[in-house]
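Can you build the whole structure from these sequences, using the hints too?
Chains as they are written, first to last, in our numbering: chain B, 1359 to 1617; chain U, 53 to 472; chain V, 33 to 349; chain L, 4 to 317.
Some hints could be false.
[To be verified] So the derived list for chain U, only partly shown, Cβ under 7 Å to chain V, looks like this:
1. Asn169
2. Lys178
3. Ser190
4. Gly191
5. Ala195
6. Pro198
7. Thr261
8. Gly263
9. Ser267
10. Lys302
11. Leu306
Keep in mind the hints are simulated off the structure, nothing from the lab. All values reported here derive from a predicted model rather than from experimental measurement. The C-beta atom is built at its ideal place from N, Cα and C for all residues, glycine as well.
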Amino acid sequence: MDSVQKENILDVQKVAMVFGGLMALSNLNFQVKQGSIKAIIGPNGAGKTTLFNIITGSFPPTEGRVRFKGQSIEHLKAHQIADRGISRTFQTIELFDNMTVLENVMLGCHTRVRASFMASGFLLPQSRRKEKEIQDRAMKILKFIGMGDKFNDPADSLPLGEQKMLEIGRALASEPELICLDEPAAGLNETETHLASSLIKAINAKGVTVLLVEHDMKVVMNISDEIVVLNYGQKIAEGSPEDIRNNQRVVEAYLGSEA
Amino acid sequence: MTLRRISIFAVICLCSLGLLISCAEKPDMSGKVAELTKENAALKAQLAKLTEESAKPTGTYKVGAIFSATGRTSFLGDPEKKTAEMLAEQINAAGGINGRKLELIVYDTEGDATKANLHLKRLITKDKVSVVIGPSLSGTSLAVLPVAEENETPLISCAASYKIVHNEKTGKPYKWVFKTPQTDTMAVEAIYTHLAKRDLNKIAIVSVTSGFGASGRGELIRLAPTYGMKIVADEKYGPKDTDMTAQLTKIKGLSPQAIVNWSVGPTQVTVLRNYRDLGMDSIPFYQSHGFGSRKNIELAAGAAEGVYCPLGACNIAEMLTPYDTQYNVAMQYMKNYKAKYNEPLSSFGGHAWDALQMVAQALASVGDDKAKIRDYLEDNIKGFVGQHGVFTYSPDDHNGLTKDAFTMVIVKDGDWSRSS
Amino acid sequence: MLRIGKLPITIFAVLIIIFPWIADHISAIDHYPDIMVFAGIYCLIAMGLSLLMGYAGQISIGHAAFYGIGAYVSAILTVRYGLNPWTGMLAGMVVAAVVALLVGAPSLKLKGHYLAMATLAFGIIVYIIFNEETEWTGGPDGMSGIPGLSIFGFGFDSVEKYYYLVWGIVFIVFIFTINVIQSGTGRALRAIHSSEPAASAMGVDISRFKVIVFVYSAMLASLAGSLYAHYLNFINPSTFDLFFSIKLLIMIALGGMHSIWGAVIGSGLITFLSYEWLHYFGEFEVIVYGAILLLVTIFLPHGLVGVPGIVKGWLRR
Amino acid sequence: MVNHHPHFLFYGSGMEKITLASQLLQYLITGLTVGSIYAMVAVGFNIIYNVTEIINFAQGEFVMLGGLIMVFFHVTLGLPLILAFPATILLVTLAGVLLDRLAIRPIRQPSVLTLIIATIAASILIKGAAMFIWGKDPYDLPAFSGRNPINVLGAVIQPQYFWVIGFLIIIVIALSIFFDRTIIGKAMSACADNADAASLVGIDVKRMILLSFALSAGIGAVAGITVTPISLMEYDRGVMLAVKGFGAAILGGLGSFPGAILGGLIIGSIESFGAGLISSGYKDAFALIVLMVVLFFKPSGIFGDIEISRIKRF
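Okay, structure coming up:
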């Protein structure tokens, strides 16, 4: 039991979500193994983003629990969960468009390095030091995602592809153990998509567990170790890419919709 | 970045510079100077410049005035400003004082303590006036009082509160501050005397939550015991309220023998209407001297019939007989004011008239030395016949009036009539 | 965008120092330092508000209340209890902070117009209290005889001295605020302004930051109130009414919300407009005031600090 | 002299007592009647808000204009009520149109603050203009059907108040029909839900905004016309009415017409009961405290929908 706890970094237990009488998720169970890449797929309205919002604390589930590293987090606020080591990107890009690229990533470091209001007000040496530290860290990450040269551009001036990248970079800045990517490849062209998937792999290689929602089956199939399929808020299948490819219910679920 | 910031400052500096020049060119604009002096601006500009360089007395007697001419309390300052400007005009038309023109410099406080303070300092240090009349409000007067004392400049306030001429610490008046209006104390005394005469002693107070209402209310409560008055209700309403039925209903429940209302502006009419609507006619209704304009009787549309209020002579000029001491001044003032501005006289313009006339008298006899003017006011204003009574200043009394300054009048057939 | 170089700050400091000297040598403006004292007092409030509104994106139409709390606490403690003015000043800031905490915590959960109404209501309620609690506040007639400020026998009793006191404080607060803006705190605030979900997902405790800034701005307003009370030696409620809260909004909008410089410029400009320059328009004052306001909101969406940007835009063409 | 005056026949005699019951009834009536004025202002706020999400702080000035222009037509020019009434509404509606065209539409990057400032600036301008036209004195308007109060169980009502309430009811019914039945009305509500979508389906959003301003100006005028005979009208009455109306709209939940009515009536009642039973000095405070408490527990007002308020820009 204990050993299972260890290797499952995230454990979603009997999670249900009801919006005004509408069942968005019902009795959902699945685990994410430490250091793996897990994909959640399913037709639109299957409840994928809702699940993300629950895991990252946008709102608590109507029922069920979410355990992160063995502790239940479903009752925590978003920023507390971020502190615990879960970070995310958004389906509809949510960059801070009133900041530069660098500042966006620097804000990502917020959870790790913090200067108090007073300290920064009086420009105490410690706050200066921290600021410097944050900057270096952010630059490193920008180089890692291959945007080191754009650090001073306003975030909203970037093309869509790079905005997606930057969101991932910002999420990385908080040094998460689990990163939740909401459709990282949506709206990207061939090359960009390829870049994105290799970046995800690289992130995973650094030991960060990845949970992603994605419609682009190519991406999903070639990067994920495990896949969960949702339909109408319920899990209809779970397993390795191969299993899912040959799973009858999945094909049915997708008939008429994408894939 | 830095370039951008610098350019901002450049822009700002240029803007202000432009405005400075514009006002340096025509200082007479900086303060609405009485009509006559507006002529030959060029000459005046030079004069003004001269005075700025050296505080030598110029060809004119400079008198400053700060009234709340606009804003929420303009009902006080507006008639005061008009009156003062009219008077200055007349004096200058009649050849000025000792052959010198009277230069009246008026600033608008908008009833704001900060502005009053700034403007008084400016009048004293920049315009170099020798005496100041106003401000219109008790609040603003109390706000500027320290400035007048500090700069040893005589100030004749046109506001009611007795605190203006009563230093709590010394129990004596402030050295440099005088005032012309009757205090609320006198208005209250007049009303209470009238009530006592009719042995009505169970009264209800209604007042507006503004400076005017509050100080009146304060005096009503303070003096009640002296006149054996029992206050059964003490209700308030906002200066912009649309309805006072609730307050009056409560009062009705307590069935007092008389109601005293202390407010100005539209509310004192609305409250009368509500009082009629509630069929409380059998309770005598007393208004403060704030009611002292015929416009209010018109607005009340009949509801004012039988209402009592204490008024100064200038409001009831027609009712005075040539035997009344104030007959001449009051008639004169009323005629001129109506002729010039064709609007009914309010209770407040007269305060400015009294203040400026005293100043004129002082200037005429001692010139424009501040200290001399102050002493003159204190020692030589004896039996001065003004709009709001006969003034007699003394070291212990910088208001100079008694409660006889008020006459109790009753509204009859849509007009004032004297009430025994 | 927000990095503020040393040069403009130095210029700012120099301007502050030499202004009285300049004014003294130009007869037309030799009374300006007096007005500048009030400009400085309003500037203190405006800086706090611009942090709250421009950076954290929260509206307050009730800051006149904190301004008033500062003034009244100072006045009551010094006049009624004979305490030292500086103590009064400190006490005022503490009281303001506590009130801001109590009101801010629930209010700042509100959004947009609802927050505007809540703060508006708060402001009016406090104003009514100033008017009604006569035995404490003196009611609408206000309180007079408030002592001036002095330290170790050195009294700030002349306009010039008080000018340097006020603007010294303004400069310190200015530097402090800039540091905050350029630190992680400022970044977090802008993040909240830009996207609350993203900010919280990045670990920013939104409500905490909102409240911190609200309290900070309240304390600045209170400090300004005390400075006002001890300069004028008199206060009455009408100074702290709804219209002043609105005036503060106007200062910030006019100067430009998104820059701390906007607060400085806006407060200075409005002060001089309403206490000095608009007098030349006599009765038309109100209308000119309204017109200026409208034109700025229409043509300078970023306030006066946006002007250089616009000018640059023209030059490029 | 004085004895001529009727008061003297029965002064001192404790006059006819008023029972507590009828006192309470009086408070209720007063509260509802005053509240219905606030409600009318609040409805004006909501119309514009529903289409534009703007709170028009110049709404109170419409009321003021309504009153004073009516005075001009009906008293100064002596036009009969039946003519003066529509003429006034027309003129104020025009003012509303101008407000949108000159103050709101030109704004490039609208944000809550810029819009608030713009409408405040507009209200300052309108107030200033009114001061020049009518001066600072209050004006009266003859009550539509006399000033003889009607007695209900010891409480009294001014006939004029029936006009206020009557018009309020008419306006609300008319509006609900307008928004639910007519095409333009539906188009306007569409802009409220989603301006972009509305413009995609070919609705001229700008026109709808203009219309909303015209509409709420007209309603403001009605409020002003009906209230002036009760409480007189002067150039600077608008602000206070705007604040109260805004409070009512927020309390009821922005955008909800039943909310506006309820909010207005609640605030009015709290004021009159507060004044009558607790302290008249604090009556306004009571209303506002209740308002704040409600907001703390229901952040989007009584009838406001949190979900909706979330998707609103501001």
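Hints and how they fare:
no.	hint	in the structure
1	Asn169	holds (6 Å)
2	Lys178	holds (5 Å)
3	Ser190	holds (6 Å)
4	Gly191	holds (4 Å)
5	Ala195	holds (4 Å)
6	Pro198	holds (5 Å)
7	Thr261	holds (6 Å)
8	Gly263	holds (4 Å)
9	Ser267	holds (6 Å)
10	Lys302	violated (17 Å)
11	Leu306	violated (21 Å)
When the structure is compared with the earlier hints, violations turn up for hints 10, 11 and for no others.
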